[in-house]
Every structure is written in structure tokens, then in C-alpha cells.
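Chemist: Can you build the whole structure from these sequences, using the hints too?
Chains as they are written, first to last, in numbering that gives the first Met the number 0: chain A, 0 to 311; chain B, 0 to 328.
Do not take every clue at face value.
Under the rule of at most 20 Å between Cα atoms (straight-line distance), these lysine to aspartate or glutamate pairs were calculated in the DMTMM-like manner [what the hints assert, rightly or not]:
| hint | chain 1 | residue 1 | chain 2 | residue 2 |
| --- | --- | --- | --- | --- |
| 1 | B | K132 | B | E223 |
| 2 | B | K292 | A | D174 |
| 3 | B | K292 | B | D75 |
| 4 | B | K292 | B | E93 |
| 5 | A | K228 | A | E203 |
| 6 | B | K292 | A | E203 |
It should be emphasised that the hints constitute simulated quantities derived from the structure, not laboratory data.
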Amino acid sequence: MSADQLSAPGTAQAPAPVARRSARPPLTRRLPRLALHLVLITVSLAMAVPFFWMIITSLKTDPDLASHPPGLLPRVWDWANYPEALEYAPFGTYFRNSLLISIGHTALNLVMASMAGYALARIPFRGSTVVFMGVLATMMIPTYTKIVPQYLIAKGVPFFGGNDYLGRGGHGWLDSWWGLIIPGALTPFAIFLFRQFYLSLPRELEEAARIDGMGEFGIYARVMTPLVKPAIATVGLLTFESSWNNFLWPLIITSDTELRVIQVGLSAFQQADQNAWAYLMAGTTLATVPMVALFLLAQRYFVQGFANSGIK
Amino acid sequence: MSSHQAVDTARRHQKPVYRSTSLPTSSPRGDRPRRRRKFGHERRRVALLLLAPSVVHLVWWIGIPVVATFVLAFTDYDILAGTVSFNGLDNFQEIFGDPTWNSSIWHTVVFTFFTVPVAMAIAVVLALLLNVKMRAAAWYRTAVFMPHVTATVAIALVWMWMFEPRLGVVNTMLSWVGIDGPAWLADPDWALFAVIVVSIWKGIGIKMLIYLAALQAMPDDVYEAARIDGASQVRQFFSITLPLLKPATFFVLVVSIIDSFQAFDQLYVLTPDGGPGNSTTVMTYEIYRTAFKEFNMGAACAQSVVLFVFLLVLMLISRRLTGKEDDVR
Numbered sequence: 000m001s002a003d004q005l006s007a008p009g010t011a012q013a014p015a016p017v018a019r020r021s022a023r024p025p026l027t028r029r030l031p032r033l034a035l036h037l038v039l040i041t042v043s044l045a046m047a048v049p050f051f052w053m054i055i056t057s058l059k060t061d062p063d064l065a066s067h068p069p070g071l072l073p074r075v076w077d078w079a080n081y082p083e084a085l086e087y088a089p090f091g092t093y094f095r096n097s098l099l100i101s102i103g104h105t106a107l108n109l110v111m112a113s114m115a116g117y118a119l120a121r122i123p124f125r126g127s128t129v130v131f132m133g134v135l136a137t138m139m140i141p142t143y144t145k146i147v148p149q150y151l152i153a154k155g156v157p158f159f160g161g162n163d164y165l166g167r168g169g170h171g172w173l174d175s176w177w178g179l180i181i182p183g184a185l186t187p188f189a190i191f192l193f194r195q196f197y198l199s200l201p202r203e204l205e206e207a208a209r210i211d212g213m214g215e216f217g218i219y220a221r222v223m224t225p226l227v228k229p230a231i232a233t234v235g236l237l238t239f240e241s242s243w244n245n246f247l248w249p250l251i252i253t254s255d256t257e258l259r260v261i262q263v264g265l266s267a268f269q270q271a272d273q274n275a276w277a278y279l280m281a282g283t284t285l286a287t288v289p290m291v292a293l294f295l296l297a298q299r300y301f302v303q304g305f306a307n308s309g310i311k
Numbered sequence: 000m001s002s003h004q005a006v007d008t009a010r011r012h013q014k015p016v017y018r019s020t021s022l023p024t025s026s027p028r029g030d031r032p033r034r035r036r037k038f039g040h041e042r043r044r045v046a047l048l049l050l051a052p053s054v055v056h057l058v059w060w061i062g063i064p065v066v067a068t069f070v071l072a073f074t075d076y077d078i079l080a081g082t083v084s085f086n087g088l089d090n091f092q093e094i095f096g097d098p099t100w101n102s103s104i105w106h107t108v109v110f111t112f113f114t115v116p117v118a119m120a121i122a123v124v125l126a127l128l129l130n131v132k133m134r135a136a137a138w139y140r141t142a143v144f145m146p147h148v149t150a151t152v153a154i155a156l157v158w159m160w161m162f163e164p165r166l167g168v169v170n171t172m173l174s175w176v177g178i179d180g181p182a183w184l185a186d187p188d189w190a191l192f193a194v195i196v197v198s199i200w201k202g203i204g205i206k207m208l209i210y211l212a213a214l215q216a217m218p219d220d221v222y223e224a225a226r227i228d229g230a231s232q233v234r235q236f237f238s239i240t241l242p243l244l245k246p247a248t249f250f251v252l253v254v255s256i257i258d259s260f261q262a263f264d265q266l267y268v269l270t271p272d273g274g275p276g277n278s279t280t281v282m283t284y285e286i287y288r289t290a291f292k293e294f295n296m297g298a299a300c301a302q303s304v305v306l307f308v309f310l311l312v313l314m315l316i317s318r319r320l321t322g323k324e325d326d327v328r
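Modeler: Okay, here's the thing in C-alpha cells:
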């Protein structure tokens, strides 16, 4: 028993680099390392505290929550909070709406941005540079320089939501799936990223396909695009993430509860019911867990994308 | 032009065009397929078809709105009747006569002034520590980066619960060391501070990541040369690492300031309606309130223009400082 316990950490350290001269460096050399790990563990824990606290709170009972010095762990692990929260507020609907919008944004962005990125990278035509400069310019436009007219445009789409042909009289795309999905369906950064990836492909490939009699669209869709899978993964994941986390646009264009996305739903729930912390934390956990899971599974693409965009 | 192309083509034929599959950052004029008369027409038609959806979308949802913001800022827009009439600088006079807007500018500057440098300092230290080769580095990096990936609204609600005056973790922990914590988000003196803490926590990850990328791109031979010359570790850090981090620092600074000036979600959630005694109204919140609560679109556009001018000036200053190397970004 005790031998087992002793050998356990030893086996964990066993796959040390073969090239190391002595099995263990002297203590004086290991001390800075130890301090380094200590600092990093402290920081990592500090960063993770809100996540732990969110999950722990979501599993506490009401009397447990009201106890004055809050206990570190729930006295009773109240898993029923989750089904109760889903019944108490339409978190299920919010979750579904967010999911549908995120999938819609991801699909549309991948199709439109890859098409545009391909055309800019591989097909020479007059005005190509101008279009590319335009794309770069739109990348730099701050959200708040366009949000007010975007709202007015969405409100004034003709023939929708009771509007006449001039876009007057009704509410247009406000409170509609159109308004939730179409305006945010394309990011200029995705076009830029796709263009950079398509640029790196060898020309021989498309020439071979052309000699075999393949059409230009076929070359884009069936020869070149399968070769930029890393770009597809990066753009897809970043689009899904930012769409899922988006708050301002759904906040301003929806008032119908049926069309609320999860972020707006959570915020509205808190403002309506200021003390239902366990339910709120259950809803918050549902809103964050998919993103955390996605990030852990595909960290490489996220990191690559973020390091290049810098901005969210 | 044609001679240029010929030179380009010749150069391209000399070296293989295969490049690494990691993110290429070539110049805007990369290796384009050579134009062929026979296919020219069809190819151009396909290019137009491929570009059309994106161009339409960008013009519709970015191009027109940007122009409209600058036009509407000088108009009186009646949202119910849908009529527009020019009113000169009235909107600007109106917003600068509003003490709430003026204080929101001040709050935005204070918010940025404290959020950005603190988060950057922590981020650069973490990046330097994480640049040491160790097996656990990936875990630490993930933990530090996690707040950036999660939704601001969701995680701000968790912080709201942590800042709860009586039952929250923050005041409980403070009571361990004998401090009687304030009411944080409900206290006009502490609300902005609490929001800044959350924003720093959330902003460290992306800054750390950019610094880490810069550190890992640093050339080894410079350090080797320094070691041969007998430079100590400390000397290497101050004479090599820090100067080489300068471009990354400016890049992070620009991106962070732009982000910070546009922060909205955490402020909206943590301190609803501009916070206690309007102590946390920032420019973005004022734009939101003017446009979507009061439906005064002209004034909201004027406020957007002011915010844009702030960002433009800050970007130009940093452009002067960094030079033009990051053009393509």
C-alpha cells in the first residue's frame, strides 16, 4: 500500500528526457522552477475561480446560498436545480435560438467568405486590389460607428414585417430570424483569412484540373477548398464562438421572448429576478459550457485565429 | 505593368511555390495564376459571382451604415415618420450640453486608463513565465485564456454574484483579513473599480497570447551570441527580450485601447442603467441609451462620431509610434 503510494509519483516522473545528464538536478537548480510553478498555479487558480464558483453555486440549495459565510462546497449537491431552472425560465428556448443562429452564421460565413477569399486570391481581374482594400477597410470599422444605421436598415427592409415598398410603416426585420441571422452572417476578417490560405496553394493544382476540363467553380469547390481545411476550422470556430457570445445586436433588435438568445435571456432573467442565484448560475453554466468544451477540443485553431486577429 | 508581371512570373518559376500550411502572411500581391486569354472571360465571370454575395453584404451592412452614421449625425431623424432633415451642428451642441455624456467620456478614459496597462503588465509577465519550457505550460495557458473564450455576459453575471455585498465571495474573503468590503456594484465610489477588475481578468488572456506568440518568434541566435559574449540572464532580458517585445507591445496597446473604448457587455450587465448615480456610464452605454431607449437617432450618431474620432486619433498616434509594418493587419 505505502509502497504503491511512493512509487506512484515516481512513475509519473519516469518518462524524463533521456539526454538529461543526472537523474535529478540539485535542489538549488530546482527551486526557481518550483517558484515558477507556484506562481503559475496561483494565477491559473485565480483565473478559474469564477468558473468553479459558477458551477458550485448552481448546485447549492436555497438555505445553503443564504448562509452567511458561504460554504466552499454545497452541503447538499442539488442537481435538481438544472431541470428546475429550465422550467422556471425558458432557458431551453434561449439555448436553441443561440444554437440555430450560431450555426446559421457559421455556415453562411464559411460559404461567402471562402468564395470571396478564393476570388481575391486566385483570379486576377480589374479592380481586385480595390475590392481587397475595401475588405481591409471594413475590418477596421468599429462596431459603434455602424450600429445605429444597421438598426435603421434592419427596421426598414421593404416588404417585411408590415413595411411598404419604401420600408416604412412596419418593423421590418426587427424581431425576426432574418434580422438575427443576415446582418451578422459575414465577417471581413474571414475573407482576409481565407484569402491568405488560398494564396499559399500551388498553381499546378488548378492548372491540372483546368486541363482535365474542370470548370472554374469546380476548381474552387472541389480542388482548392478541400485543401484549406485549417482555414475552414479556424473561421468556423471563431464565427461560432463570437456568434454564441454576441450580445449587443440581439439585445437591440429583439423584444420578443421567443426570439431571445441565451446571453440576452440571462441578462433579462437577472434583471427580472435578482435573487434566484442558483437558477441563474445553472443558466450561466449552460451558456458557457459549450464554448469551454469547444475551446478545449479545438484549442489549436482558436489560438491560431486569435493570435492573428488580435481583436475578438 | 506587364513587365512587372513578367518579372514576377519569372521569379516565381525559379523557386517552388509550396509554402508552409501554417498561416501565411504574404504581401497582398502573392502568386496569382497567370492570365490566359482563352479562359479570361469565364474566369472573370466566376470571380464576380464568387465575390457578389460578400460585396453586397459588406456594402449593405458596413459600407452604407458607416456613411449613414456620419450623415445622420448632422440631421434630425424622426424614427416614427421616417423623415430626415438637416440641422447642422445641433446634435453636437445637444450632446455636449448633456453632463451625462460628458462624464461618460471621462468614465471611458478612466476605465481604459486602468484596465489596459494593468492587464498588459500582468499579461507580459505571464507570457515570459509561460515561455519557459515545461510540460504543464499548456494547462496554465488554457486557464489564463479561458475567460476570453467565454461569453462576457454570462461570466459577468458570475462576477456579479461574487461581488454580492453580504453573501459574495469577494467580501467573504476580505472579511478573513478583517476588511469590511463595500457594496461594490451598488456603491458609486466602487462600481467602476469593480467593473475594471472584471475587465482586467477577462482581458489578460488575449494579450498574453499575443505576447507569447511574439516571444516564441524571437531568434535564438541573438541569445546565443549574447551568451557567448558572457551576458547574464538579467542582461539578456533587458537588452534583448524587452527591446524585441516593443512591436508586440504597441500592437497589444492599440488593440486593447480600441476594445476598451468599445466595452459594453460587462458594463450593461454588472451596472444596469449606467450604474449607481451614473457612475459607470461609458460612451458606448450612452450611445445605446440615446439610440435604443430614447430613439434619438441623430444625437446617437453624433455620439458615435465622437467615439470614432477618439479611436481614430488613438490609432493614428500608435501608427506613428509603431511605423507601418503592420499594414496588412
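Chemist: Next, verify each hint and record whether it holds.
Modeler: We went through each hint and held it up to the structure:
| no. | hint | in the structure |
| --- | --- | --- |
| 1 | B:K132 <-> B:E223 | holds, 17 Å |
| 2 | B:K292 <-> A:D174 | holds, 16 Å |
| 3 | B:K292 <-> B:D75 | holds, 17 Å |
| 4 | B:K292 <-> B:E93 | holds, 17 Å |
| 5 | A:K228 <-> A:E203 | holds, 19 Å |
| 6 | B:K292 <-> A:E203 | violated, 58 Å |
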